[in-house]
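Visitor: Hints given; two lone chains; assemble the complex.
Protein chains in written order, with full-length UniProt numbering: chain F, 1 to 381; chain E, 1 to 240.
Hints were generated in silico from the structure; no laboratory data involved. Using N, Cα and C, we set each Cβ at its ideal position, and we do this for glycine too. Hints are not guaranteed to be accurate.
[Said to hold, decoys possible] Short derived list, chain E residues pointing at chain F, Cβ under 10 Å:
{"id": "1", "residue": "Ala-115"}
{"id": "2", "residue": "Gly-119"}
{"id": "3", "residue": "Ala-195"}
{"id": "4", "residue": "Met-210"}
[Said to hold, decoys possible] Cβ-to-Cβ under 8 Å is the rule here; a few derived chain E residues that face chain F:
{"id": "5", "residue": "Glu-110"}
{"id": "6", "residue": "Thr-116"}
{"id": "7", "residue": "Ala-117"}
{"id": "8", "residue": "Met-118"}
What follows is each chain in one-letter form.
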Amino acid sequence: MIRIDSVTKRYPDGTVAVDRLSLEIPDRSITVLVGPSGCGKTTTLRMINRMVEPSEGRILLDGADIREQPVNTLRRSMGYVIQNAGLFQHRTILDNIATVPRLLGWNRQRARARAAELMERVGLDSSLAKRYPYQLSGGQQQRVGVARALAADPPVLLMDEPFSAVDPVVRKGLQEELLRIQDELGKTIVFVTHDIDEAIKLGTMVAVLRTGGRLAQYAPPAELLTAPADDFVEDFLGTDRGIRRLSFFASSALELKTSPIVAVDSTAEQIATRGAGDTPYLLVTDLDGRPLGWAEPGELTAGEIDPGRLLPYGRPFEHGQESLRAALDGAVLSPTGWAVGVDGSGRVVGVVSQQTIGEAIRGAHAEGAAVAAGTEAEVSG
Amino acid sequence: MNRFFDLPSDLQHSWFGLIGLHLREALLPVLAGLVVALPVAQLCVRFRWLYPPVLGLTTVLYAIPSLAFFVVLIDYTGQTELTVMIPLAVYSLVVLVPAIVDGVRSVPQETLAAATAMGFGPVRRYFQVQLPIAVPAIVAGLRVATVSSISLVSVGMLIGNQGALGNLLNDANIYHRPELAVNSVVTTAALAILADAALVLVRLVLTPWMPRGTRRVRRTRTATARPEPAAQPVLEDAVR
Ligand SMILES: Nc1ncnc2c1ncn2[C@@H]1O[C@H](COP(=O)(O)OP(=O)(O)OP(=O)(O)O)[C@@H](O)[C@H]1O
Ligand SMILES: [Mg+2]
Numbered sequence: 001m002i003r004i005d006s007v008t009k010r011y012p013d014g015t016v017a018v019d020r021l022s023l024e025i026p027d028r029s030i031t032v033l034v035g036p037s038g039c040g041k042t043t044t045l046r047m048i049n050r051m052v053e054p055s056e057g058r059i060l061l062d063g064a065d066i067r068e069q070p071v072n073t074l075r076r077s078m079g080y081v082i083q084n085a086g087l088f089q090h091r092t093i094l095d096n097i098a099t100v101p102r103l104l105g106w107n108r109q110r111a112r113a114r115a116a117e118l119m120e121r122v123g124l125d126s127s128l129a130k131r132y133p134y135q136l137s138g139g140q141q142q143r144v145g146v147a148r149a150l151a152a153d154p155p156v157l158l159m160d161e162p163f164s165a166v167d168p169v170v171r172k173g174l175q176e177e178l179l180r181i182q183d184e185l186g187k188t189i190v191f192v193t194h195d196i197d198e199a200i201k202l203g204t205m206v207a208v209l210r211t212g213g214r215l216a217q218y219a220p221p222a223e224l225l226t227a228p229a230d231d232f233v234e235d236f237l238g239t240d241r242g243i244r245r246l247s248f249f250a251s252s253a254l255e256l257k258t259s260p261i262v263a264v265d266s267t268a269e270q271i272a273t274r275g276a277g278d279t280p281y282l283l284v285t286d287l288d289g290r291p292l293g294w295a296e297p298g299e300l301t302a303g304e305i306d307p308g309r310l311l312p313y314g315r316p317f318e319h320g321q322e323s324l325r326a327a328l329d330g331a332v333l334s335p336t337g338w339a340v341g342v343d344g345s346g347r348v349v350g351v352v353s354q355q356t357i358g359e360a361i362r363g364a365h366a367e368g369a370a371v372a373a374g375t376e377a378e379v380s381g
Numbered sequence: 001m002n003r004f005f006d007l008p009s010d011l012q013h014s015w016f017g018l019i020g021l022h023l024r025e026a027l028l029p030v031l032a033g034l035v036v037a038l039p040v041a042q043l044c045v046r047f048r049w050l051y052p053p054v055l056g057l058t059t060v061l062y063a064i065p066s067l068a069f070f071v072v073l074i075d076y077t078g079q080t081e082l083t084v085m086i087p088l089a090v091y092s093l094v095v096l097v098p099a100i101v102d103g104v105r106s107v108p109q110e111t112l113a114a115a116t117a118m119g120f121g122p123v124r125r126y127f128q129v130q131l132p133i134a135v136p137a138i139v140a141g142l143r144v145a146t147v148s149s150i151s152l153v154s155v156g157m158l159i160g161n162q163g164a165l166g167n168l169l170n171d172a173n174i175y176h177r178p179e180l181a182v183n184s185v186v187t188t189a190a191l192a193i194l195a196d197a198a199l200v201l202v203r204l205v206l207t208p209w210m211p212r213g214t215r216r217v218r219r220t221r222t223a224t225a226r227p228e229p230a231a232q233p234v235l236e237d238a239v240r
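Next comes chain E alone, as it looks inside the complex (with noise of 0.2 Å):
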């Protein structure tokens, strides 16, 4: 059991050094992708030739695979954490550019006209009704891109040590110690099912207005439908 958290030398931190690490490079694509996709998603409902466009945009950079990223950026980001992250915060954008368009698309009709009838102008509008009422919608796409982005931190490892518990299975190979190997598989899962715990949480306490019921109902909508696009990056998690 020592020697599961014994970790080697080269990798220059602890156990938890390399989880802050390892949260460090998933979170922060997410939270940079959240902040594009924000404006971009407004600009898609308020001009609707432009989602098509940006949506086969999105899927475009999501296939070019993390490699071919790297390639590009170290040329001028170098062997860093953020010639990871960059490619990390373009992936979420497959996933959160839908969900608050069709978040904020979901607003009933009703809704908006009553705003607007009411007095509000556009941009009260948008930031009082359209994005709290898009809140479940965009907390889904979070959990999803945040639990790819956990999983995919780890092919940082393929440029100088960049990735995190990633590298605990680099390491795996080095010393023949299988065990960093489990180690890595374990914690990066605990990770992820930790960061989307926490996320469902963030979503109950923003949504005291959702009906239970359908908060239950969403939830397994989520789980059964989400999956498919989580699991993908996983998936091709081999390939890149």
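Here chain F stands alone, though its shape is the one from the complex (with noise of 0.2 Å):
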């Protein structure tokens, strides 16, 4: 675990970066550093791997200072991956990942077997190996340095906004990355990001910095959204994140209709017997089960059914997997007001109405305030 212990930080010019912060990093999972720019977030990651020196106050990793090894060991036993991820130019990719491996005395052969391992595992292709970094992009840029970091498998690991100059479809394929190597590999990452959303979505704990380094609030992302601590840290987070908070509640928790579904090949007997629910419309499947589109039990005529005249079916949630807003997301989208739930292969699993899903969210809010009121219970007493 890492201890910041009440750590202020004074540059020589006077400016305070970071005012009496203390923050328990928990180990083998991700702590995410949010504000505003110049809020001291990369101030803070820097300390822990004493590229800056705090003024006051101790940083502790595994109850011992920092200060009490020698400051390239403690660096080699930290991964640091930067924006734009600073490789090293003249390196070709296999050499720039085999970087602190070499430092650490391994002999190139082993360092260089080590970084190809690497370059599977962030999903880099090996015929990438001998180019420089000129000749990638930006995105696979970024995985180098996420490689790079992790070669010599250090067990901490500090990110500095590592996703943030890539664009939005590649950062998302980045953080998903993340999540699953750390789902692999168990980490201790330090985050900095200045994006709440990124944010929201990798961190374990999150700690909202405010301007002037002092801290907001440090709560995991869900408690965040439902209990912000002040106006600043309510305002950071944006306006709909009563919407966003949904994204913690498991889908599963919806119970979903099969009765109103019907295949592409059914009988006229078929269609009238489910057609004559309590439901104003049938979501037909294709002989697979996967989704084609809704109708009016009456529009529909056995043997028939042509799937270019059917209402679309939106965008439906893996049930179970996706959370409650991909669930209100798949409804809201539907023009039928129904959401469609499919399995991990596409096909559908059953359907659930807005009001279904509504109530649904009425019962999770209940029981996430009882956990908030619980941590706060827990914290006050």
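Guide: Listed below in structure tokens is the structure:
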């Protein structure tokens, strides 16, 4: 565990970048530092690997003051990833990744073998190994940056806005990749960003800093969205935090209906029985059970169903995997107001109305409030 | 044509001998300049306040005519090659120091931060990161220094025939053989062009990591920006 203990950083020109900050960063999880520009995120991160020395306070790594070990030993035990990757432009991709193992005295062959292994881990094609950084896209460079930081298998990973210079699509891919790698490797990651959505997506714990380097709130993302500590945090979270919070509730809480579903080859009788229920629409699926579209029962003639004339079914959600937010999104997008739940291979498992989703949300909120109240009680108690 | 290469015996060298002499007198000073410039430039990078006075000093030294240097040096080193080479080495500093300083400073902040964060000490960082990335800038400086040095060697003829190919100019005068002057000028120019091409080749070999597009851009940039300082010494030859 990394413990930041009442740390203040005052730069020589008098700027107080970090002000009496205390944080306990749990092992094997992603802790995100988020806040507006200039609030001291980079400074805090760099104090952890001693690129910046605190003016007051101390930082403990597994109980020991980080100043107790030689500075370069400390740094080699912490991977560091920055915006634009900061790759060595004069070295090949493979040698970039092999940098820290080489510094640690591994022979070239072993370091390169390790680097090749990491390229695979971060999703880089081995054909890129002999290239130079300028021959890679921004997203690929960022992957190299992550691979380089992981090369010596350090227990701690420090990441300073690693994904902020790439476009949103690539960023999303990199974020998912990071979560996947983290699932496999279980590093202690401190991640800096100014993007609150990124913080909420990646963080196990999120520390919101305010200008002047003071901690505004330190909480898991769901709690942050439910109970922002003050106006500053609430402002910083942005407008639709109610909707965004839904991403923390599993759609498995939803009871799906299977009755208003017919296959494209259904008989008139099947259409009649299914259409007789209390739902105004029927969902038509293909022979594999994948959704085709909605129709009123009266419009369907057995044997003559034209998929082109069905109402669109919006974006289906993966039941149990995706959140209530995805389910609500699906229902809102569908002209019928019903969302389609599918399994991992895209086959329909059931449908659910906006109304049912609304009830599930109310239930989840009640639960969430109880959880939040519980943690507050713990803190105050 | 025969008379073109039929050199007067007072030169004590064949044409090829003169070329070898010329290259030695021109290139050794640049090499010496590089050896001095590297640590000086590193000090200037380390201590920023040092750079302006160092730059000022090299410029002042550059402004001293070589004749003045010869007059002072001849008491110590006599009518030897060394007397020619010392001023040339000093002159090369005016290009090499800023070239190295700019090159080392051009290494992106992120790259430096990444190196530090990975546990590079200052010395290792200098040799393994800053210096290799500064190679294109350093070679650009070397090209200017080399070309100007090759053209400047000729003034050595003023002190007892130490001007290598430049001595041909003197002989052209004495023996009324204008073809010797042509020989001198053409050969010197060819040497300068070949040396420059060799340095470009060295740069290409040392920097496989440079983007091709940029490589071309950089070359045109050096081709348009560099000739100013390069042309200067050539013009000032007359003055010296
Ligand atoms: N070397 C320095 N000397 C003086 N002041 C500094 C120095 N580095 C940072 N600061 C100041 O300290 C404050 C915090 O800087 P820091 O880089 O930690 O912010 P940040 O949260 O990372 O911002 P951003 O999101 O823009 O990267 C800023 O006001 C900055 O101007
Ligand atoms: Mg920053």
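Visitor: Now, for every hint given, state plainly whether the structure supports it.
Guide: Comparing the hints with the structure gives:
no.: 1; hint: Ala-115; result: holds, 8 Å
no.: 2; hint: Gly-119; result: holds, 4 Å
no.: 3; hint: Ala-195; result: violated, 25 Å
no.: 4; hint: Met-210; result: holds, 8 Å
no.: 5; hint: Glu-110; result: holds, 4 Å
no.: 6; hint: Thr-116; result: holds, 6 Å
no.: 7; hint: Ala-117; result: holds, 4 Å
no.: 8; hint: Met-118; result: holds, 5 Å
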